[in-house]
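Participant: As a plain string of letters, each chain reads:
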Amino acid sequence: MNTKDIYEMRTVVAAVFLGIFSIFVLKALTSFEIIPGVSYVYNLQGPSIAPNMITVILFDWRGYDTLGEAFILITAVFTTGILFGRGVLGGDVKVRDTAATRQPSVVQKVFAAPLVFIIVAFGIVITLGGHITPGGGFQGGSVIATAFFLSVVVFGLRKNVFSLSHRSLETFEGVGALIYLCLGLAGLGLSGYYLYNVGADFYPGLGVAQWAVNLLSYPDATNAGIIPYLNIGIALKVLSGFCTIITVLMGAEKK
Amino acid sequence: MNVDVQLWSFVVAGLLVIIGLYAIAFMDNLVKKIIGVMLVGDGVNLVLITEGFKPGGIVPIISEKLFSSGAVGDFANDAAYSLPFALVLTNIVIGASTLAVLLGISIKLYQHYRSLSVAHIFQEDDA
Amino acid sequence: MNSELIPLMVVFPLISAILLNLMHGKDRAVRVYGTLAMVVVIAVPLLAVYGNHLFGAHPAIDTPAETGIALGRINLAIEYSFGFLQRALIFLLAAIATFAVLSHTSNEKRASGVYLSMVMLSIAAVSAVVMANDIFNMFVFLEILTISQAAMVVAKGDIGGYKAALKYLIFGGVAGGAILLGIALLLGTFGVLNITDLGNALSGNTKSPIVLTAVGLLVIGWLFESGLFPFHTIKSHIYSSAKADVAALLQTETKIVLVAIAIILLRLFGGLSNMSAVMVGLSVITLAFGSVMALVQTDFRRLLAFAAVGQAGLVGIGLSLGTPDGIAASIFHAVNDALAMSLLFVTVFVIYEGAKTTEFSRLGGLLTKAPRLAFLQIIGIMAVSGVPPFNAYQSEYRLIGAAFQAGYPELGVVIILGTIVTFVALMKGFFLTFLKESTAVAAIGRPQLSNALPLVTFATMVILALVCLGIGLHPGPLYDRFADVAITLTMGV
Amino acid sequence: MNPFGVLVIGAVIGAVLGLSVTSEFFNRKTYVTILGVAVLIDVLMGSYPFYTWDLSVELPVSGVYLAALIGMLAGKAAGGR
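Chains as they are written, first to last, in our numbering: chain A, 1 to 255; chain B, 1001 to 1127; chain C, 2001 to 2493; chain D, 3001 to 3081.
Please keep in mind that the hints were generated in silico from the structure rather than gathered at the bench. What you are looking at is a predicted structure, and each value in this text was computed from that prediction instead of being measured. Any given hint could turn out to be false.
Claimed, not checked - Simulated DEER-style distance windows between Cβ atoms:
| # | chain 1 | residue 1 | chain 2 | residue 2 | range |
| --- | --- | --- | --- | --- | --- |
| 1 | C | L2047 | D | M3045 | 48 to 58 Å |
| 2 | B | E1124 | D | M3045 | 57 to 67 Å |
| 3 | C | F2458 | A | G90 | 13 to 23 Å |
Think of the CB as a built atom: it goes at the ideal place given N, C-alpha and C, for glycine as much as any other residue.
Please model the complete structure; the sequences and the hints are all you need to start from.
Facilitator: Set out below in C-alpha cells:
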C-alpha cells in the first residue's frame, strides 16, 4: 500500500465519521428541551448586586472563569511573542522591523486621527458603564483596540497615532491582570474566599467592612462592589493584549 | 408565519459545526483549515446563545423602575436565561486567542515554505 | 469547610507568570524569582488543608421550583475540592516542573522569562483542572493548558516545533469545541454546571440522545487532552518536537489531566457501560499503537514519545474499567509512569545535548564514554517497563489484577503484551545508543558525550531513580490512600 | 452621593492612553473637529451609562464621555510627543 492509498483510505474514514457525527449532533440539537436552570437563581439574586445580570455572572458568580479567560488571552499574547522571537530558548531573536510607514490619503489623514480620540473615549464609557448597561471590560477594551487597529491600518506600524512600544503594552497588560488578581486576593484576605465581592455586601454575615465607597453609585440602592474595578483591569488587559498581537503580526508582514 | 426560531437556530448552529469540521478535514489550504476551527467555535457559540433564548423574554438587565418596585421575582421569570450568554463571552475570547496563535504559526510556516498548502508543508514527515 | 490556601495553588503561578514576563530581559531577576517561586509552588499543596473552596463565597441554596432542576440543593459558586488525590497529583506536577525550571535556569546561557511564565501557566492550568468541581471552569483551564503547551514547544524556535504546535492547536480547537458543545447540551438539559450536582441530576437519566451525544463529545475531548488513540500521533509529535526536559513536563501534565478528566467523566456518567466499553477499547488501541510504533522508530526521542503515549493507554484502561481496584491502580500507575518516563526523557535530553542528535544511525558505542548515564537509563527503562524492584511493577501488577477481577482476563494479557513490547522497544534504543559498535558511526565520527553531567541534571536523575526504587519497595503508603480515594469515588456511582 | 469617581477614573484612563499619542497628525483644526464631534455625540448619547446625579436638573449629556476625552487631550498635552 503506498502513501496515496493511505490518504484515500483516510479521507473515506474521515467522511464516514463526519457523517455519523453530523447525524448525532443534529439529532441531539433538534430534540432539545431547555430548562431555566441556575440562570433563574442568578436572575433572582443578581439585581441586589448590579443591574446587568450578565456582568454580575461574569464578575461575581463566575468571576474566576473570567480570570481564566483573561489568562487565555495573556497566554496567546505571550505565545505570539515567542513565535516572533521574544523569549525563544537560547536568547531573543530580533525581528527586522520591515513594516514601512504608509502614505495615507487626504481623507484618511483628516478623519483617522480625530476618530481615534472619539473611539477611545467611547471605549472608556463602555468600560465604565459595564455593570449598568450592556458593556464591560471586554467590549470596552476591544473598542479601544479598534482605535489602535485603525491608526495602524491608516498610518502604518512605525509612525501611527499611538507610539506604544512593546514594553509599555506589556506593562499595561501586566497591570491589568495584576489588578484582577489582587482584587481577588483582597477578597481572600478579608473573607477567606477568593474573589469575594468586597464592598457589595451581599452576605453581610461575613463581616466584611464596606470600604469601597459609593464612588460609582447608579440608579439602585445597591453597590456593585469590585465589579467596576475588575472591568477596568480587564479592559486594560484586553486592549493591550489585542494591540500586542496586532503589533507582532503586522511587524512580521514581509521577510 | 409561525417559524420555530429556536429549532432553526439550533439546526444552523449544528450545520456551522459540521461545515467547520468539513473544512478542517478536507481542505488543503491552511487558512481555510483555521477558518474551519473558528466555524466550529462559532457554531458552539450559537448553540449557547440559542439556549439563552426565551420566547417572549426580556433582556436580562433590570431597570431602575422595576427594581425599586420590588418585582425582582417577575423579572427573574421574564428575563432570558443569562448564564449561557456569560459562557459565550468567555468562549469568544478563547476563540480570538486561538486564532491569534494559529495565524502567527501560519505566518511562520509561510515564511519558511512559501506555501500555505498543508500537503506541501507536511509532506516529508507525514506517515 | 474552607482552606484559604486552595486558590493560591492556581493564583500564585498566575501571578508569577505575569511577573516573570515583566522581568524578561533581566537575566538574574528571572533566575532568582523563578527558583524562589518554585519553592512556593511546591510548598502550597503540602500546607493546604483538605476541603472545598467556594469562589466568591456564594453558598449552596435550596432550589426554587421555577428552575426546573430536580435537585433539593444546588451550588451557585465555582467550587474547588482538594483531597489526597489532588495533593498527590499537584505535588508530583510541582516536583517535575521544578526540575524543568531548574534545568532551564542552570543550563541555559540566557534565562527566558517568557518561557518560564509558560511553565507557570501550565502548572496553574493543570492544578485547576485537577481541583475543579465545575465543568466549565475545567474547560477554560484546559484551553490555557493547550495553548501554553503549544507555546513551550514553539519556544524551541525550529520549524518542526511550529508544525507540531499547529497540528496540536487545530485539533485542540476541535476538541475544545467538542467539550464545550457537550457542556452546552448538559447545561441546557439539566441547568447546572457543578459536577457534583450534574452527577446527581444525571443518575438514572442517561438514556436520552442528548446525554449520549454529550458523553461522546466529552470523551472526544478526553481523548485529545490525554493523547489517546485517534490523537496519539499528535501527542507524540509534540513530545518529540519539544526539548526533552519540557517533554518530561508535558507527559507528566498529560497523565495528570488524563486521570483528572477520566475521574470527572466517571463521576458524571459512572453508570453508563457503553462509555466504559468505548474508553477501554480506545485505551487498548492506544497501548497497542503506541508500543508498536515505538518499536519501529529510528529516532530515540520519537521512540520515547510513542512509548509515553502507549503508557497513557495503560493508565486509561484501568480508569475506564471503573472498578475501585482499577481506578486506584491506574492513578498509581500514572504517578509511577510520570516519574519513570521523566527520568528517561532527561537521559535522552543529555544524549541530545552531547551528541546533537538522537537518530540511531548516528549513535552507538557510548557506553564507555558515559557509563553513569547508561546506568541511570537502564534503571529508567526497567522502571517504565515494570521490572520487579521498581515502581511500575507494583502498579502494573495491580492493574492486571484489577482487570482479572473486573472479569476481563483478556485485558490482563493485553497489558502484559504491551509492557513487553515497550520493554523491547526501549531496550532496542538503549542497545543502539550505548552498546552497538558500528562502522557507519565510526565513519561519520563518534558523537561527543562526556561522563561529566551538569549538577542539576545529574541530581534530577538520581532523585528520580531513587524515588522510583523507593515507591517500588514500599508501595503501600501511597497505594492504600489511592485505594481509599477510588472507593469514595465509586461509592457515589 | 454623586458619582464623581466615574469622571475621575474615566479621565485617568484617558490620560494614560493619551500620554502615548503623537502630535504629528494634529493641528488646531483637528482639535476643533474632535471637540465639535464629541459634544455632538455626547448630546446624542444622553445620560448613557445611566449613573445617577442628584442635581436639581437632569443632566442631558454623558459626563463620562467628556471626561475621558478631556483626559486624553490633557494626557497628550502632558506627554508632549
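Participant: Now tell me, hint by hint, if it's right for this structure.
Facilitator: Checked hints:
1. L2047(C) - M3045(D): 48 to 58 Å: holds, 52 Å
2. E1124(B) - M3045(D): 57 to 67 Å: holds, 59 Å
3. F2458(C) - G90(A): 13 to 23 Å: holds, 22 Å
Of the numbered hints given earlier, the model fails none.
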